[in-house]
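Start from the sequences, fold in the hints, and give me the full structure.
The listed protein sequences correspond, in order, to chains A and B. First residue of the first sequence? That's 1 in this note's numbering, and the numbers climb one at a time after it. First residue of the second sequence? That's 388 in this note's numbering, and the numbers climb one at a time after it.
In case anyone wonders, no lab produced these hints; they're calculated from the structure. Here a beta-carbon is modelled for each residue, glycine too, at the ideal position from N, C-alpha and C. Be careful, since some hints might not be right.
[Stated by the list, open to error] Sample of chain A residues at the chain B side, in silico, Cβ under 10 Å:
#, residue
1, 186
2, 188
3, 195
4, 278
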Amino acid sequence: MFDLISKRNWFFAFSLLITIPGLIFILLTPITGGKDGLKFSIDYTGGTEWTIKFKNPDVTADQVRSALADLGQPESTVTRTGSGFLEIRLTKLDLREQAPLPSAAPSTSPGAGSPGASASAGASATPSPTPSPSPSPTPSPTAATSASPGASPSASEPPVSNNTEIPRTGPLGEIVTGLEARFGPIDQQLSLSSIGAIVSSDLIQQAVVLIFVGALGILGWITLRFRDVKFGVTALVALLHDVIVVIGIFAILGTLFDVQIDGLFVTAMLTVIGFSVHDTIVVFDRIRENRARHAGEPFAEIVNHSLLQTFGRSITTSFTVVLTLTALLLFGGSATQEFVLALLIGIVSGTYSSIFNASPLLVVWTEWEEQRKGRVAPPRATRPASA
Amino acid sequence: MRRAGPILIAIVGLLALAVDFLPGLTVPDLQGTSGGRVIETKLGLDLRGGLRVEYRVDARDGKQPSLADVNVVKGIIERRVNSTGVSEPQVLTAGTDRIVVEVPGVSNTDEIRKLVGQTGALYFVPIPKGTATVQTGQVLDLTKFTPLFGGEQVSSANPGSDSHGGLAVNFNLKADGAAKFSAYTAAHVGEQFAIVLDSTVISAPSIQSAITGGTVQITNEQNIGGLPRAEVDNVVNVLRFGSLPFPVEEVASDTIDPTLGAEFLTRSLLAGGIAIFLVILFMLLHYRLPGGVASFALIYYALIVYAIFRLIPVVLTLAGIAGFVLSVGMAVDANILIFERTKEELRLGKSLPQAIEAGFNRAWNSILDSNVSSLITASILYFFGSSVIQGFALVLIIGVLCSMFTAITVTRNVLRLVVSQDWARKAWLYGVSESEFTARPARRRALRGGAPSV
Numbered sequence: 001m002f003d004l005i006s007k008r009n010w011f012f013a014f015s016l017l018i019t020i021p022g023l024i025f026i027l028l029t030p031i032t033g034g035k036d037g038l039k040f041s042i043d044y045t046g047g048t049e050w051t052i053k054f055k056n057p058d059v060t061a062d063q064v065r066s067a068l069a070d071l072g073q074p075e076s077t078v079t080r081t082g083s084g085f086l087e088i089r090l091t092k093l094d095l096r097e098q099a100p101l102p103s104a105a106p107s108t109s110p111g112a113g114s115p116g117a118s119a120s121a122g123a124s125a126t127p128s129p130t131p132s133p134s135p136s137p138t139p140s141p142t143a144a145t146s147a148s149p150g151a152s153p154s155a156s157e158p159p160v161s162n163n164t165e166i167p168r169t170g171p172l173g174e175i176v177t178g179l180e181a182r183f184g185p186i187d188q189q190l191s192l193s194s195i196g197a198i199v200s201s202d203l204i205q206q207a208v209v210l211i212f213v214g215a216l217g218i219l220g221w222i223t224l225r226f227r228d229v230k231f232g233v234t235a236l237v238a239l240l241h242d243v244i245v246v247i248g249i250f251a252i253l254g255t256l257f258d259v260q261i262d263g264l265f266v267t268a269m270l271t272v273i274g275f276s277v278h279d280t281i282v283v284f285d286r287i288r289e290n291r292a293r294h295a296g297e298p299f300a301e302i303v304n305h306s307l308l309q310t311f312g313r314s315i316t317t318s319f320t321v322v323l324t325l326t327a328l329l330l331f332g333g334s335a336t337q338e339f340v341l342a343l344l345i346g347i348v349s350g351t352y353s354s355i356f357n358a359s360p361l362l363v364v365w366t367e368w369e370e371q372r373k374g375r376v377a378p379p380r381a382t383r384p385a386s387a
Numbered sequence: 388m389r390r391a392g393p394i395l396i397a398i399v400g401l402l403a404l405a406v407d408f409l410p411g412l413t414v415p416d417l418q419g420t421s422g423g424r425v426i427e428t429k430l431g432l433d434l435r436g437g438l439r440v441e442y443r444v445d446a447r448d449g450k451q452p453s454l455a456d457v458n459v460v461k462g463i464i465e466r467r468v469n470s471t472g473v474s475e476p477q478v479l480t481a482g483t484d485r486i487v488v489e490v491p492g493v494s495n496t497d498e499i500r501k502l503v504g505q506t507g508a509l510y511f512v513p514i515p516k517g518t519a520t521v522q523t524g525q526v527l528d529l530t531k532f533t534p535l536f537g538g539e540q541v542s543s544a545n546p547g548s549d550s551h552g553g554l555a556v557n558f559n560l561k562a563d564g565a566a567k568f569s570a571y572t573a574a575h576v577g578e579q580f581a582i583v584l585d586s587t588v589i590s591a592p593s594i595q596s597a598i599t600g601g602t603v604q605i606t607n608e609q610n611i612g613g614l615p616r617a618e619v620d621n622v623v624n625v626l627r628f629g630s631l632p633f634p635v636e637e638v639a640s641d642t643i644d645p646t647l648g649a650e651f652l653t654r655s656l657l658a659g660g661i662a663i664f665l666v667i668l669f670m671l672l673h674y675r676l677p678g679g680v681a682s683f684a685l686i687y688y689a690l691i692v693y694a695i696f697r698l699i700p701v702v703l704t705l706a707g708i709a710g711f712v713l714s715v716g717m718a719v720d721a722n723i724l725i726f727e728r729t730k731e732e733l734r735l736g737k738s739l740p741q742a743i744e745a746g747f748n749r750a751w752n753s754i755l756d757s758n759v760s761s762l763i764t765a766s767i768l769y770f771f772g773s774s775v776i777q778g779f780a781l782v783l784i785i786g787v788l789c790s791m792f793t794a795i796t797v798t799r800n801v802l803r804l805v806v807s808q809d810w811a812r813k814a815w816l817y818g819v820s821e822s823e824f825t826a827r828p829a830r831r832r833a834l835r836g837g838a839p840s841v
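Here is the structure:
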C-alpha cells in the first residue's frame, strides 16, 4: 500500500512553498503603503467607482485619465471594458462632501436649469380664506411658467428614462462638466458607487472578526464531534493554511495584475473555511472508524489507510464544487469574478490541506504525545512498509 | 415509514412546482394586509438596477442617537422617500446607527438623495423691507437674516385649498410660534417671510395680513388652480418632516443602471444552468444509475430552493445567485459520499439493497458534520455581515438545509424504488465489476437485513 504519511515532510514543505511567497506579498502591503501586495477595492479604501460611456466611441482610457489629472484627480484609474464602457475609479473623491445643495427640495420642473427659473408663485399668507383684494406684490414674476394645473399632477413629474441620472452637482458634477467639455456628452452611466471611509474601516474590522469567529466555531465543532482537541486543532491549522493561500495569491495577483479584493472577499474566506473542512471531516471520520476497528495498530498506519480509502471521494466532492465555480468564473460575468476566484483557490487549497496537512499533522501530534508518555516504543521503528 | 417517504416527496415536489411556476399565488401577509402578498421572485438592486444609499445617524449636541431615535429618523426618511412617488422603495435600519434606502430602477437618483439626505434645519425667516426679494431655491445666508423660530414650532401641515378651490398649503403653529408669528405679521404686512430648510428657501410668500391664532395658509390666487401640486406636496413634506431629530450623513451610495442589472442576471442564470448541467453530466458518467437518481434529486433541490426563495421571500442578489450555484456543487457531495460508501460495501460482499442502506447509514456522520460546519460559517456571515453578505449567507443556509433533505431523503427513497426493479440490478449500473456484485441478499442475511434507518 502506498505510504502517504511517511512522505508528510514533503507535503508540509510544499505547503510552506506556497504560503511563504504569499505571506511575503501580504507583508508588502503595509511595507509599501499599499502600492504592492493586496489591492483593496473602494469597499475598503473609500472612494468612487463609476462606469460611463461617451457618445464619442473613440475616447480612450488614457485620455480620460489625463483629463482627470487636470481636473484635480491625479490618482484615478481608468480601464476600458470590452463593450466600450470606461471604468473610472477615483480614490480622492468622496461624493458625501457635497457642496451646499442648490435646491434642497426635489426640483419640480425638470427642464429648469437654474433654481430661480422655477421659483415659487406669488404666494400669500392669509389667516382666513378671504380672497385677496389686490394682486399681492409677487416676488417672482415668472410664476406662471412653472405652474401646471393641479388637476394633472403627473405632468410635473420628471420624464422616466431607462438610464440613471448622471450627477450634475457636487464634486462629481464638476468632473462631469470637465469631462464633457473635453470629450463631448456622456451617453450612458452604467453604475456609480461611492463609499465613505467610515464604511471602509467597519469592513476591515468586521472581516478580521468574522474570520476569527468562524475559525473558532469550526475548532469548537470538530473538537466536540471527535471528542479530541487534536482533531479540532489540526483541522484549524489546515483552515489557516487555506486562508493564507487565498489571501497570499490575491496579494500576488494584486501586485502583478492589480486584482482587487472587495467587500465580498470576507464572504469567500468564510465559505472556504466552512467548506474546506468537509474533506477533513471525511478523513477524520474514517480514522475514527478504523481506529475502533483496528485497535492496536500503529496510528500512522490507520491514518494512512483512512486517507487512501477516502482519497477518491475527497477529490470528487471538491471536483463538483470546482465545476460549478468554473462555470461561474467563465460565464457569470465580471461582477463576481474575484469572489468566485477566491472561492475556487480556497477550495482547491482546502482539498490539499485536508489530505496532506490535517491528517499527517494529527499523526505527528499523536506520535509525539505517545512518545512523551513513553507508553510504546517509537512507532516508526515498528511500522512495516506496507500493510 | 417506507410508504410515507415517496408520498411526502411527491407532495413537497408538487407544492414547490406550484410555488415556482403558477403565477398570481398569494400567501397571507404577517402584517395583516388584506389579500395577502403575491408570491414572486424578488431581485436585488444589483440585478434590477436602482439606487442604494447608506446613511449614518450622527450625534447631535453631543447626544448619541439611541435605537429608538434611529427608528424615528428612519420613519421620517421613509415618508420622504415615499413622498417622491417612486415604486417599491425600501428603508431599513442596519446595525446600530445605519439607515439604508433602496429604490429600484429610478432615473432621478440625485433628486432622491438630496431629499433624503436633508439634515433638515427648518427655520421661519423674516425678510426685512428693503432687501432684495427672495425666491424659492435661493440659498439664504442665515447669519444675515435672523430666523423668527424653528421648524419645531410646526404642529401640523396639510395640503388645502384657497378661496377659488386652488391648491394651497395649510399649517398650524404651536403656541410660542403662533405668538411670535402673530406679532411679526401684524407689524409687517406686505413684506416677505421665508421658510428655509438647510439654508435653502423652500417657500417665500408675502404677508397678506396679520396672522393670529397660529393657523397659516400659503396660496397663489393669481394662478388658476392655485399652487402647483408638486410644490404643495414639497412644502407640506418639509413642514411636516423637515427637521430630523439627528443629522444623517451619507456614507455610501450605489447607482446601478437597469440594463447592467439585466445583463448580470442573464449571465449568472446562464452560469447557473451550465453549472447544473456539468454536475449532472459528471454524476451520470461517474456514478451511472445512482448518479441519475442524484441528478433527479439535484433538479428537485433546485426547484425547492427556488420555491423557498419566492415564499420567504429572499431578495436575490448577484452574490446570492453565486451562493446558489455554489450550493449546487455542494448538494451532490452528500450523494458522492453515500455512493462511494455503497461501492465499498458492495465490494465487501454485501448485496445491493444492503450496500445501499449501509452507504446511507455510514456516510451520515460525515455528511452531518460537514454540513454543520458550513452552517456555522454561513450563520456567522448572516448574523454579523452587511446586507450583501447576508444575502449570500441566507442562500447558503437554505441551500445546505434543503440539500440535507434532497440528497438524503429523496435520493434514498427513489433509489429504493429503482433498486426493486429487475432492470436496475446490473453490476455496470453501479460502477462495480460483475464479481463484486450481489443483486439480492442471501436468504439468511435478508432476515438480518434492513439496517436501521436514519
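Go through the hint on residue 186 of chain A and say holds or violated, using the shortest Cβ distance to chain B against 10 Å. violated (12 Å)
Residue 188 of chain A as chain B interface residue, shortest Cβ-Cβ below 10 Å:
Hint on residue 188 of chain A: holds, closest Cβ of chain B at ~7 Å, below 10 Å.
Under the criterion of a CB-CB separation shorter than 10 Å, is residue 195 of chain A in contact with chain B as hinted? Holds, about 4 Å.
Under 10 Å is the threshold here; is the Cβ of residue 278 of chain A close enough to any Cβ of chain B for the hint to stand?
holds (4 Å)
Going through the hint list in order, the structure does not satisfy hint 1, though it satisfies all others.
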